[in-house]
Every structure is written in structure tokens, then in C-alpha cells.
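Residue numbers (this note's numbering), protein chains in the order written: chain A, 1 to 306; chain B, 1001 to 1288.
If you're looking for bench data, these hints aren't it; they were derived computationally from the structure. Hints are supplied without guarantee of correctness; some may be wrong.
Said to hold, decoys possible - Which chain B residues face chain A? A few, computed with CB under 10 Å, are given here: (1) Ile1014; (2) Gly1061; (3) Leu1063; (4) Ala1089; (5) Leu1107.
For glycine and all other residues, C-beta sits at the position ideal for the given N, C-alpha and C.
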Amino acid sequence: MSSNKNRLGPTALQRMHHTSAYATRQTIFSTVILVVMILLAAYFLLPLLWLLVSTTKTTDVLFNSPMLLPSKPGNFVTNLKQLTNTNGGMYWRWYLNSIGYSTVTATLATFISALAGYALTKYEFRFRKTAWFLVLIALLLPGATLTIPVFLLLKSFGLMNTYFAVILPMLASPFGVYFMNVYIGQSMPNELIDSGRMDGASDYQIFGRIALPIIRPGFVTLFLITFIFSWNNFFLPLLVLSSAKLFPVTLGLDVWVSTLTSPSTGVPPYPMILIGSLLSVLPMIVLFPFLRKYIAAGIATGGVKA
Amino acid sequence: MLAPFAIFFVGFFIYPFFYAFYLSLFASRMGVSHFVGFGNYLLAFKDGSFWSSIVTVAKYGVLQLFTMLLLALLLALFLDSPIVKGKAAFRLIYFLPYAVPGVIAALMWGFLYSPQLNPAIQLLSIFNHGKTVNPLSPESLLPSIVNIVLWEWTGYNMTLYFAGLTSLPLELFDAAKIDGCNEIQTAIRIKIPLLRPIIIFTWILSIIGAFQLFNEPFILSSVTTVPANFTPNMYIYNMAFAYSNFNYSATLSFFLAFVTLAASLIFLYVTSGEQRRERRANAGPGRR
């Protein structure tokens, strides 16, 4: 009996010891992962926090104070006033331009993509395969290949330095068509079209009354992605716009930054650039928690299907 | 219904494509266009400045792809494992930089790279045998840009991977658990192989993106010296708008598209080659 006990004893102990060692290893493992994740969260957040804090500083304070500690909140107001008063409120003009460019581009491009995606998914016609092939090729084509000829095209139409020059080239979106094709294919059964036809609806009525309400979530997703893409656009405006009145925020801020290194322009406009940058990202960052779901769904459609 | 798209597609994709090719066959001498056939391509092929820009983005691409996509994959796997709490918050924080325009990100990091503004930069000297590091100096420009793009796009790629992971059937993981797989084994043996199509997709996207690099170095050139031929797109931009040589810049654009396509295809071939070998090994007599 005793030998039996002895034999059992160590085994139970061993097991206990083994489990606890396993558990400790598990805890260490998950703690390490958690620490890594928190450090990375800091890496992604701190630059934005720095931007926020910096808007409460004057140029002097900016260079002579702890990076992440705010200075006087009053400075924020002073900086904002300076931003608003420079060049007769040019910054806000850029802001409105950005809103205009992004809203118009996103609305039209999404609608055009929905129409084309719908047609490519639901109709059989000649050259359907060819059209689809061209869209896929365009999707893979580096955008910069086309920039020079698009620039020359806009120039020959006399569209340089107009709102159209920034909007028109963005309206045909191969990604949008691809996305809508996948989305409509998944969400809209063909029977709906047939029943619409039986009720005597025209093709456009079927699209407007039946398809659009069904694909509304996809519409929102594509709108958001295009809006962000357009808000971030820099290369095209840089090429086609020369008058500061038409600039989007991104281009305007870049022009201010480039004055930092040229010595002749007086006081370097650090606070203006910083508060200008913050305000240009603020709406999207504030809305991001609510929009994340739609955006993630949109980019995932491209990835999962490819 | 296709008409609105077709008009803009032809106008801003198909026509420009052929027009660029047409332009690349001519050269302007004393303001008069001459047909030179593939002469411009020959010129581009021998153009050392152009090749050096391609070498730069190739180096950049390797560094970028490995750091960003591995980090994104790791984060997605962490978030998908049961160990981590507060998933929604982490997912949001990592993805947040996607909402920041690349121009603003480059501008912000441009400031953060200045030792006067960011004392933490001095800590980097640990990695440089105690010598101070200037992230905006010519030799550290490349990793500095890698860091900006890493900051902007890691969350985007993580989101893609995470979406892929959540779409995997749960039964698979139950089966793995019954077979005694722990989290790490499940990740390596099951999750990563199943994510393969998405991983390949993100690599292709990032390869194309790397060859296109423009905004970040262009913005940084406002705060430091960046060579005009640092990336192919900067070189093309300068060729067109500083020298008004549209013919040659169209040639270079085509050349770049070709190099990009070739790099993507080579990558696809290599990765599918691995798969072919695996399949052969699995089907081989040894396994039967």
C-alpha cells in the first residue's frame, strides 16, 4: 500500500507541477504578446497624440518642451486664429475644396461603378469577357503609367487648373467595378430581376428600385473607400493644379512645408502646418470607429476574392 | 448602364495607355517631333540614373515587404488567438493610420525625424554603435521611409489578414485542438497555409506599391535633400515637369510598368513553384 501511495504521490505531484509549469509558461507567453501589442498600439497612436499636443504650442515652445505634454490650451486658439487669417483664410478654402473633390468624386464614382458592376454581373452581352479582362488589367496597372498622358489629355482639353482636372480622371474606378461585381454577385439573386421584368419594370427601374436598395451597404462601403482615397489624393492635384485657390488640403500643406526650408519667407509656419494637419485628419479619425466596419468589409472583399 | 463607366474608362485608362506608348516612340529635337522607334527604350535601358532609382525601390521593397507584412500577419494572428483581450480596441488602433492621408503621415514623421523636435531620436544611437542617428541623412532615408509606410499600411494589411482568419471555418480549430495543437501550432500549421491566397495578394499589392513610391520621398524632399532620381516615379516626374521631356518620361513610365509586372509575375511564379513542389511531394510515391 505504502509503495502504491509512493508511486501515486509523485505522479500527482508531477502532474500538478507539470500543469502549473505549463500554466506559467502560458501566462508568460500571453503577457509577452500583450506587452508587444501595447507597444505597437503606442507606435501607431503616439504620432497622432504628438500632433494633437503640438497644436497647443507656439514655435518657440515646440522646440523647447517635453514632446507629449500639452502647453497652454490658449495657444490652440491663437494657432487656429493664425491659420484662419493667413492668406485670407486660404486654409479653409482648401478644406472646402477637399470636401468638394471627395464628395463629388466618391458619389459619382460609386454610382458609375455600381452601374457597370451591375451590368457586368447580371447581363450577358458581346465583349462582356473582354470588358471584364480590361478592368482586371487596369486594376493591376501601376497608376503612374497613365499620369503623363492623362496630364497631356487634360491639357489639350483646356482643363488644366480646373476642378474637373482633379475629378474626371477619378470617375472610372476599376477597383470600384470589381468590388461592385463581387458584391452584387453575392447579394442579389437573379430571380429578383426576372420578377421585376414580369412586373413590367424597365432595366433602369429594376436597377433603381430593386438593385440599389439591396446593395446599399456595399454602396456605403465603396463611397467611404473612394472618399478616403480622394481625400488623400496628392499626385494628381500636384500635376494639374497651379492656382492655390483650387488646392486640396494635402497639396496646400505641402506648399507650406516647402516654405520651411526656404530662408526668405520669414517666420517658419510650424504651428499652422501642425494645426492644419490635425484638422485635416480629425473628422476621419473621429468617425473612424463607426466607419471601420464598412471600410474593413470593403478592403476584405478585394482580398478574399483575389 | 455600362456607358458612363466605359466613357471614362476609355478616356482615362485605355486612350492614355496607347497615347503614352505612342509618345514613347518619338523624340523632340529643337521642338520638332521625330519618330525614333524603340530608341527611347534603348536609351532608358542604358540610363544609369533610372536603374539606380529602380535598385533603390527594389531595396526599399524587400525591406518594406518583410517588415510590414510579417508584422501585419503577426498582429492578425495575435488578434485571432484567444489570449488577447480588448480585441476591438487594438483592431481599431492599428487600422487608424489608414484614415490619415499619406501626405500628412509623411509630413508628421518628417517633423518627428528632427532631433530638435523629437529627443527620442537620440535613443536610436543604441543601434548605431553609440553614434547619433539622423533619420533624414542620405544613408538612413530609406529605412525612414520604410517606417512611414509601415506606420500607414500595417493596419490595412492586418485588417485583410484578420478578415481572412475570421472567415475560416471554426470546426477546423476544434479538430486541431482535439489533435492536441496549441495556439502556435494551429497558427503555423493551419491558419497561415489557409491564408496563403490573401498573403500572396497583399505581397503583389505591396510590390506594385513599392515600385510606385512617390508621395513620401517627395514630401520629405521639402525638409531634407532627396535625390531627384530617388525613386523611378520621382525621376519620371522630374523628366516630365522639370525638363518637359514628355516623350522620355512616357518611355520610362512604360518601362516601369513592365518592370513592376515582371516583378509581380516572378513573385507569383516563385510562390506557385513552391506549391507545385509541395503538391508533387504530397502526391509522390513516398506518401502513398
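Return the status of the interface hint for Leu1107/B: holds when the least beta-carbon distance to chain A is below 10 Å, violated otherwise.
holds, 6 Å
Regarding the hint that Ala1089/B lies at the interface with chain A, is the smallest CB-CB distance below 10 Å?
Hint holds; Ala1089/B Cβ to chain A Cβ min 8 Å, cut 10 Å.
Satisfaction of the Ile1014/B interface hint, Cβ to chain A closer than 10 Å:
holds, 7 Å
Grab the minimum C-beta distance from Leu1063/B to chain A and call the hint holds if it beats 10 Å, violated otherwise.
violated, 17 Å
Chain A contact restraint on Gly1061/B - CB to CB distance below 10 Å
violated, 13 Å
The structure is inconsistent with the numbered hints 2, 3, although it conforms to all the rest.
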